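Protein chains: 2
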Amino acid sequence: MVHLPEQPVPSSPAPTAVPTSADVARLAGVSRATVSYVLNNTSAVRISEATRRRVHEAAEELGYVPHAAARSLRAGHSRMVLMPAPRVPVGPLHSQFFNDLQWALGRFDYTVVQYGGIGLNGDEAARAWAELRPVAVVVPDGGLGPRGVHILKRSGARAVVTLGPERVEGAHALLLDHVGVGHSAGAHLLARGRRRIGVVVPGEPGLEHFSRPRLAGVRRALEGTGATVTELPLTYEEEAAARLAGRWRSLGLDAVFAYNDEYAMLLMRALLDAGVDIPAGTAVVGADDLMLGRLLRPRLSTVHIELPSGRDLAELVDRVVRDPGGVPEVHQVLGARVVHRESS
Amino acid sequence: MVHLPEQPVPSSPAPTAVPTSADVARLAGVSRATVSYVLNNTSAVRISEATRRRVHEAAEELGYVPHAAARSLRAGHSRMVLMPAPRVPVGPLHSQFFNDLQWALGRFDYTVVQYGGIGLNGDEAARAWAELRPVAVVVPDGGLGPRGVHILKRSGARAVVTLGPERVEGAHALLLDHVGVGHSAGAHLLARGRRRIGVVVPGEPGLEHFSRPRLAGVRRALEGTGATVTELPLTYEEEAAARLAGRWRSLGLDAVFAYNDEYAMLLMRALLDAGVDIPAGTAVVGADDLMLGRLLRPRLSTVHIELPSGRDLAELVDRVVRDPGGVPEVHQVLGARVVHRESS
Numbered sequence: 000m001v002h003l004p005e006q007p008v009p010s011s012p013a014p015t016a017v018p019t020s021a022d023v024a025r026l027a028g029v030s031r032a033t034v035s036y037v038l039n040n041t042s043a044v045r046i047s048e049a050t051r052r053r054v055h056e057a058a059e060e061l062g063y064v065p066h067a068a069a070r071s072l073r074a075g076h077s078r079m080v081l082m083p084a085p086r087v088p089v090g091p092l093h094s095q096f097f098n099d100l101q102w103a104l105g106r107f108d109y110t111v112v113q114y115g116g117i118g119l120n121g122d123e124a125a126r127a128w129a130e131l132r133p134v135a136v137v138v139p140d141g142g143l144g145p146r147g148v149h150i151l152k153r154s155g156a157r158a159v160v161t162l163g164p165e166r167v168e169g170a171h172a173l174l175l176d177h178v179g180v181g182h183s184a185g186a187h188l189l190a191r192g193r194r195r196i197g198v199v200v201p202g203e204p205g206l207e208h209f210s211r212p213r214l215a216g217v218r219r220a221l222e223g224t225g226a227t228v229t230e231l232p233l234t235y236e237e238e239a240a241a242r243l244a245g246r247w248r249s250l251g252l253d254a255v256f257a258y259n260d261e262y263a264m265l266l267m268r269a270l271l272d273a274g275v276d277i278p279a280g281t282a283v284v285g286a287d288d289l290m291l292g293r294l295l296r297p298r299l300s301t302v303h304i305e306l307p308s309g310r311d312l313a314e315l316v317d318r319v320v321r322d323p324g325g326v327p328e329v330h331q332v333l334g335a336r337v338v339h340r341e342s343s
Numbered sequence: 000m001v002h003l004p005e006q007p008v009p010s011s012p013a014p015t016a017v018p019t020s021a022d023v024a025r026l027a028g029v030s031r032a033t034v035s036y037v038l039n040n041t042s043a044v045r046i047s048e049a050t051r052r053r054v055h056e057a058a059e060e061l062g063y064v065p066h067a068a069a070r071s072l073r074a075g076h077s078r079m080v081l082m083p084a085p086r087v088p089v090g091p092l093h094s095q096f097f098n099d100l101q102w103a104l105g106r107f108d109y110t111v112v113q114y115g116g117i118g119l120n121g122d123e124a125a126r127a128w129a130e131l132r133p134v135a136v137v138v139p140d141g142g143l144g145p146r147g148v149h150i151l152k153r154s155g156a157r158a159v160v161t162l163g164p165e166r167v168e169g170a171h172a173l174l175l176d177h178v179g180v181g182h183s184a185g186a187h188l189l190a191r192g193r194r195r196i197g198v199v200v201p202g203e204p205g206l207e208h209f210s211r212p213r214l215a216g217v218r219r220a221l222e223g224t225g226a227t228v229t230e231l232p233l234t235y236e237e238e239a240a241a242r243l244a245g246r247w248r249s250l251g252l253d254a255v256f257a258y259n260d261e262y263a264m265l266l267m268r269a270l271l272d273a274g275v276d277i278p279a280g281t282a283v284v285g286a287d288d289l290m291l292g293r294l295l296r297p298r299l300s301t302v303h304i305e306l307p308s309g310r311d312l313a314e315l316v317d318r319v320v321r322d323p324g325g326v327p328e329v330h331q332v333l334g335a336r337v338v339h340r341e342s343s
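Just so you know, the sequences run in chain order E and R.
Residue numbering for the first sequence is 0 to 343, as defined by numbering that gives the first Met the number 0.
Residue numbering for the second sequence is 0 to 343, as defined by numbering that gives the first Met the number 0.
Simulated from the structure, these hints should not be mistaken for lab results.
Small disclaimer: the values here were computed from a predicted structure and weren't measured.
There may be inaccurate statements among the hints.
To be verified - Listed next, the stretches of chain E that the computed footprint assigns to chain R, with coverage defined by at least 3 CB atoms under 8 Å from CB atoms of chain R:
1) 56-65
2) 106-113
3) 127-138
4) 152-164
5) 260-270
6) 287-294
For glycine and all other residues, C-beta sits at the position ideal for the given N, C-alpha and C.
Let the hints inform the model, and build the full structure from the sequences given.
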């Protein structure tokens, strides 16, 4: 961090008090209830235009903003949808999904808040989320158990939705089945006549939630065919990829499913540098269908993954908030299909 | 979205009431004040171990979680640091920075909340943030004016910090000077003997906050040298890159600063496909120093950008929260240096 010389800090003035609705009421010459009706746009109560204007002007003059928490204390719930931040670095697919979801929930007049939960786990995390009294919670990548769902519901959350490989008791579930991603890749390589298939397993912590089911999917695709699977641990570093490429011939593989496009680009580069012929000697398949994969030569084959739409998820959340009594819904939402290019 | 057949929804049972601290007090046979002291870990008040245990057991049994909002209403402020979500798609650099910041603020016992503000602008956004009564607000990419800073402070925010190209009156500023990024690239290309320099300007909305100052930086580096700058509008699509590459010879350029590594990879691929010799005919420089740039042939030259550390920013936030009266601090925090590889 490059610091500019710091300016001299004068002695602190006494902080001015935060204006309250009582201050607004006093200045406007109305009751606090009237202030609340006007600023929360309550249409049930008839209030004259002149009074409304007086309240708005007083609020403006004092710099008063209603307190969402006070409002949610009165109402018993907020319009806040809380989404814990994913615990692993997110790719462009997830960013796009989150933006869509945020936009779609905004159309239903919800506020989306992403909660930074690094260092919190399980029930402890659920308790921290519950303290904010969200009306709905969308959990992106596991870590929530049935007890956590119970804590959230007891604190007033009407909808708890998980996105992950398995359903959690008491919560609605959008199942993201990464087994299908691996299965697509395995079936494709088998159809291309490959029999000795390596599967990259990233060494970075947190990615095992995705890599394990993908590996299982490849195994399932190959079941009963006599084709073999070899696990290939790999960290996302050039040196690690070069080491793996250096012992490639001794592994005797004719194909590799490289976890995703980024690992595939890393490994394919190292294999080409080591003189491996792609795809003749080894076929390479990634996943995610990033544009960069099309820019490589040979062009990278990949598994195109379809996430649920933010709009569908927003509709589920709103439906459950309005009618929270139903049996938890379960939807299978991850689509996977191979995009065949030159590397396989 | 692939839907499983929906389960039949039984008629909704009446929702059970959310337990309150009064319920906990009743079950534990103590006052509400005692419940509050125990659950908020107030050390100023002497309470016996037995009573503490009774309160915790009652809270556990009822599934009671304190309400952060109620606590912050009493205390006058929360421990919440609010960070509006960036309005443009974030790259891996920003994700890393946000995770660092979250972790560092967590060490100071703050909770980081990212607010999804799509569709809100200026003072309207500031008002929405103020409703949550954060004790500090960190604004990542512009859009906040002096009036917004005032609204936030009036609602009780003790620290308002902006990350951006310019300071905002009343707020602390970490200045991210993207002019320096362009200047580094321009000076490098000039030193490599280039005189007719193209600068990619992405067509995607929102990126102009970064691309305009980078372009200005290249111009500044070339001032008085007789070298020329040509703006090259480009959207992030293969077809657009191919069209630009198709008329490359008519442009008469001998170098291009391609905004960042992703645009550089896209354009370099199109130029190579169009038979342009890199770097002999045209030098190419990106920015961000992504690992993928090293995997290309020729290896991509790039501007390495150093963001402020999450820890330094967390220390600034905590210092200002504890002593909010000082003159706003201004720090220059964006480092930029060229990493010279094969493409320039």
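* Residues of the segment 127-138 of chain E with Cβ under 8 Å from chain R, three needed, outcome -> Coverage by chain R holds here, the residue count being 5 at a Cβ distance below 8 Å.
* chain R over the segment 56-65 of chain E, status - at least 3 residues with CB closer than 8 Å -> holds (count 5)
* Check of the segment 152-164 of chain E against chain R for coverage (Cβ-Cβ below 8 Å, three residues minimum) -> Per the Cβ count (4), the hint holds.
* To do: Quick one: see if chain R covers the segment 106-113 of chain E, three-plus residues with Cβ-Cβ under 8 Å.
  => holds (count 4)
* Count the residues of the segment 260-270 of chain E with a beta-carbon closer than 8 Å to any beta-carbon of chain R: does the count reach three? -> With 4 residues in contact (Cβ-Cβ under 8 Å with chain R), the coverage given for the segment 260-270 of chain E holds.
* **Assertion that chain R covers the segment 287-294 of chain E - criterion: three or more residues, beta-carbon distance below 8 Å** => This one holds; 4 residues, not fewer than the three required, reach chain R with a Cβ under 8 Å.
Hint compliance for this structure: every hint is met.
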